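Undergrad: The listed protein sequences correspond, in order, to chains U and D.
Residue 80 in the working numbering sits at position 80 of the first sequence, with consecutive numbering throughout.
Residue 35 in the working numbering sits at position 35 of the second sequence, with consecutive numbering throughout.
Simulated from the structure, these hints should not be mistaken for laboratory data.
Please note that a few of the clues may not be correct.
Remember, identical chains collapse to one label, so a pair may be satisfied in a single copy or spanning two.
[What the hints assert, rightly or not] SDA-like cross-link-like pairs, simulated, lysine to any residue; straight-line CA separation at most 25 Å:
1. Lys121 with Asp132
2. Lys150 with Ala122
3. Lys150 with Met1
4. Lys150 with Thr75
5. Lys150 with Ala51
6. Lys150 with Pro96
Being a predicted model, the structure only gives us computed values, none of them experimental.
There are 2 protein chains.
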Amino acid sequence: MARAVDTHEIEERGGTSYPAPFHAAVAGRFSRRLGDAFSLTQFGVNLVRLAPGAASSLRHAHSAEDEFVMVLEGTPTLITNDGEQPMTPGMVVGFPCDTGDAHCLVNRTEVDAVFLVVGTKARDSDVCAYPDVDLHLAPGRDGRRRFLRKDGTAW
Amino acid sequence: MARAVDTHEIEERGGTSYPAPFHAAVAGRFSRRLGDAFSLTQFGVNLVRLAPGAASSLRHAHSAEDEFVMVLEGTPTLITNDGEQPMTPGMVVGFPCDTGDAHCLVNRTEVDAVFLVVGTKARDSDVCAYPDVDLHLAPGRDGRRRFLRKDGTAW
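For reference, chain U alone in the conformation it holds in the complex:
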């Protein structure tokens, strides 16, 4: 049965599944997969730490997955289709799926930024668009999502 734990007991990991040309943008991003630690399957809850200079992701918009962010420490910058907005601890933002509002957070400060990210897990149906780069994420015939170029060829 469920037992509460401190977030520091859940492993913090770096790394990304992005193709190699896009590794640098998220090299300073580290995540604790809090929801996975309790075997949750319907949504993910990640505690993300961005080192100075790092981005949470490439700017992206999901077709089928709602997303939500709450800042806990530091002052990351939110980037959406409308431009930029500074965020401070206690600020929140949500992204309903299928709006095309492509978003990410970047840390332009000299100290770490920490925030919680919640996102639906709809990996067999979700298509993710990346308006700023030659990248597209879509499920293949086997139901697994793969990174493609915008012309549909594989990375």
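With chain U held as given, fit chain D onto it using these hints.
TA: Coordinates of chain D only, in the frame set by chain U:
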């Protein structure tokens, strides 16, 4: 397009949909519906404040909705099928659906406790069991969930 806000800009509300005999347990519970404020429909994200003596809910287990809790302020007590566990800021716990592990948080201290609750919205299929009281929540033929007594009669 999405604009981040401080949680204090989102209205805090009390009240409950429980039948009248169960109002007292959650009378000191107040919530800001953070996810709803951004029109998210796949999961809820509520910032919950428990006054001294209040409970987050009656102890319950969902059949179809994963749940996740992160404590931000105060020291609420987690109650599950296994008994009680104190929680402190930075502690998290998750409840995969359909395990039967009935849970709630209660505030036995003299100061407010504040935590984030994330839960899937699967209201047309979710059945919620309340092992400690004569209560059951299940969808009717119209797809809407209703509170029933354990013998199936309406409250």
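Undergrad: Of all the hints given earlier, name the ones this structure violates by number, lowest first.
TA: 4, 5
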